[in-house]
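Protein chains in written order, with the working numbering: chain A, 1 to 257; chain B, 1 to 249.
What the hints contain is simulated information worked out from the structure, not anything from laboratory work. Each hint should be verified, as a subset may be incorrect.
Which residues of chain B face chain A? A few of them, derived with a C-beta cut under 8 Å, are [said to hold, decoys possible]:
1) Gln130
2) Leu135
3) Thr138
4) Arg153
5) Pro157
Below, computed lysine-lysine pairings styled on DSS-like, alpha-carbon distance capped at 27 Å [as the list claims (entries may be wrong)]:
6) Lys145(B) <-> Lys129(A)
7) Lys168(B) <-> Lys85(A)
8) Lys145(B) <-> Lys54(B)
9) Lys54(B) <-> Lys168(B)
10) Lys145(B) <-> Lys35(A)
Source: prediction; values computed, not measured. Beta carbons are placed, not taken as given, at the ideal position from N, Cα and C, and that holds for glycine.
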Amino acid sequence: MSMMAQDAKIDASEHSKGIQIRDVRKSFGDTEVLKGVSLDVSLREVVCIIGPSGSGKSTLLKCINLLEQPTSGEIWVDGIELTAKSADINAARARVGMVFQHFNLFPHLSILENVTMALRVVKRLPAKKAEEIAVRQLTRLGVDTLSHLRPADCSGGQQQRVAITRALAMEPQVMLFDEATSALDPELVKGVLDEMRALALDGMTMVVVTHEMAFAREVADRVVFMDNGQIVETGPAEEVLTNPQTDRLQNFLSQVL
Amino acid sequence: MEEFLHTFFDLDSIVAILPVLLTEGLANTLIISVSAVLAGLLLGLVLAMMLMSKLWIVKVPARIYVDVFRGLPAILTISLVGLGFPAAGIRPFGTSPFGYAILAVGLISAAYTAEILRSGIQSIDKGQLQAARSLGMTQFQAMRKIVIPQGIRNVLPALTNRFIIDIKESSLVYLLGLSVGQRELYFIAYQQQAVTYNSSALVAAGICYLLMTIPLTYVVNAWDRRLRTGRSRPKAVPVPSQSTMEVVS
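Pulled out of the complex, with its shape left as it was, chain B reads as follows (with noise of 0.2 Å):
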């Protein structure tokens, strides 16, 4: 029992190992993932945008994109990414793993967020688009103002779940060889677990993990909440209106 405890929660090893946790490891992994979940959303837009196209020519390389981002492992992406991407001469962000990690994350969140929000915004009545083009407005202009900020709030749950799977697979990146300064949690503990054959740092960085990613589930729900009953305006009282609730004969 003393070993069990001594392997997972010595007090020394974990406090010895926080500053640098706190101070690198989380501001890493945020940096990743919140980049990562940001890219993600942009190109998962614009990719839902082209699976709900009716020219093929469109729709089929984003179904493609999809379907091939889906159906790999998230670290054989990362590792196509991270690794060949420099080793083919594709430097976009020169030899620092860092931007390559973002890059790989994203790649894989963009593919799920497409599909998330593809069905938020085709769970919108085609009457909120009729509506709004038969007062003039563009496809683009409806889309923009009415179509997708409803399509987003009937996927906020799903969207949240993404996130958290984004801010868990950033530790992924820990096989590109990150160097002193771009280590994120996952890659500290595991280093320190290396040296001293103790796993208190595993189990203080999992601890960080928890604090971000259940934190966000109900900070998420809360504002979700908020957005379905109106913004926290009073509750409204209908006032039927005098004038023409007249009986006109």
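This is chain A alone, in the form it adopts within the complex (with noise of 0.2 Å):
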């Protein structure tokens, strides 16, 4: 066990900050959804993933915090191999955040309440610190005055800013958001994508799986298009969105813009 966990460190010194995908496979039964996706991310990268639905893009970004285990291939996650056996998921679990469409807030606790349950389960914070830094960031993303409601008593866009909140609480080192503004209502959409696009100015390395094309154009560095489980272009946004290569892209494009 120790030996691995130091072949995993000497391993882990080889790898760059950031996220490394190497060929990771997935297959739910007989369906294959990811055919060997390869893809890296720096730090302070953000990378947005585009593409039709059942492109595998869900189940990419599921697969960097291992809430899907790929069948094979490799994850790296800030110098830590996460599909060794010997690596401790729940730590590096930890260390990604991860924001959902339908934001999965935990409706039997209060908004409070869902923001400091991490942090006191898995950083084991005494209470009184747990608010404090709920508190903190609940004020960062405006939402402060809802702590003491349940998430069935706000709104969609309350909502999904709680659920990042709840994410950023844990100072990951990388954010994963899975199509984040797809279940809001058009006119919350927008306050949504200025939280994400701030803490990409932030610095935050953030992989976004997106429909929304003026915000992959704007704040992407990198647009990936995946379809058919693969990735099939990837480039600078402007590059790829106004000038795509292949005609699947070209398709897809004609499809949403």
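Reconstruct the complex from the two isolated chains, following the hints.
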């Protein structure tokens, strides 16, 4: 066990910070949804993943914090191989924040408790300290007035901001966004995108699965186009979105723009 | 008509038996059923987790347990445990039938409770577990803090139903031969009926059961409503945050 952990450390030095995805494959039963995907995300980089539904974007994102276990391939985050048998997955996950399409707030807890829960259970902070951090983060996202409400009493936009807060409170190295604005009413989308933009400007390393092309164009350092379980095109946002090289991307863009 | 009233509602008989019913019978019925409910919940939760396991070696024993204890008549299980165990030399509770009675009712209750809890836990959206795990919680922490509390809330009415059945089934332990001091409601009334050939004591016992079972339903329903609407907190007025509503171009 300790030998393996040491090996992992030695390997880690060869890998930079950020995220490295190496030939990741994922099958559900007989269906292969990721067919050998490799992608590097450097520190402070914002990568937007676009593509038609069923192209494997969300699955790839969930592989990055091992909510989905890849069938094969390697995933490195912050110099640690998550796919190694010896990896402490829970510790690694605490450093990768994730925001979901349907918010996934805990409905039986107050907004404040939603944020303090992992601080107390995972980081084992005392109640007072956890609340301090939670209130500070909730204030930063402009939702501190909701502290004592239940998620059901908040709007979708507020819930998603709380979800972002909940992830940020753990001080992640990397943030993953899984169609974070897809379930929102149109008038609430902008507020959440603004928070994501602010986070990007703060230098957070981000992987964003999105249908918001304007956001991708403006905020992303790089855009990745996925189709049918593979990365088809990748490059600087402006280049990929205005000058698509493949028919598939041209087709996709003509439908969403 | 007078004979009917005398047989079922003889006030003198009721008044005579009431002190024993309340001090001995009600107390013992409560001890047996509450202990059995707690044992059933605890074992039921373990069984529910086993039922949801992907490993057949964990799942199959729980499945068999649930099928067997749900499939047997309660009176047979109580006899098997209460009469059979001591006779076979399995005597964790000595010679007193009380412990065996609790064990038997608890074992039956666990089988039903397991299925109720399993359906409750499985009704919780997968995203809840994913969100908890994405924050770094272990599977155990995520289940204990996030999934199970919500799951139990979803099946409170069904659990209440089971508790009521447990209270009623506690009467079946009379057949283990309870001595004075150990008797529960039904057995006291039954003995009185046998001695006096008058059913008023049974009616009195029946009223005692109803006084437990009917309020329980309403108390749990009220609790359930409160959980659903939030802990008596003021209803929310969504406050749009100014800073984030501004249009940034």
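Consistency of the hints with the structure:
no., hint, verdict
1, Gln130, "5 Å, holds"
2, Leu135, "4 Å, holds"
3, Thr138, "5 Å, holds"
4, Arg153, "7 Å, holds"
5, Pro157, "17 Å, violated"
6, Lys145(B) <-> Lys129(A), "19 Å, holds"
7, Lys168(B) <-> Lys85(A), "52 Å, violated"
8, Lys145(B) <-> Lys54(B), "21 Å, holds"
9, Lys54(B) <-> Lys168(B), "35 Å, violated"
10, Lys145(B) <-> Lys35(A), "36 Å, violated"
Checked against the numbered hints above, the structure breaks hints 5, 7, 9, 10 and satisfies the rest.
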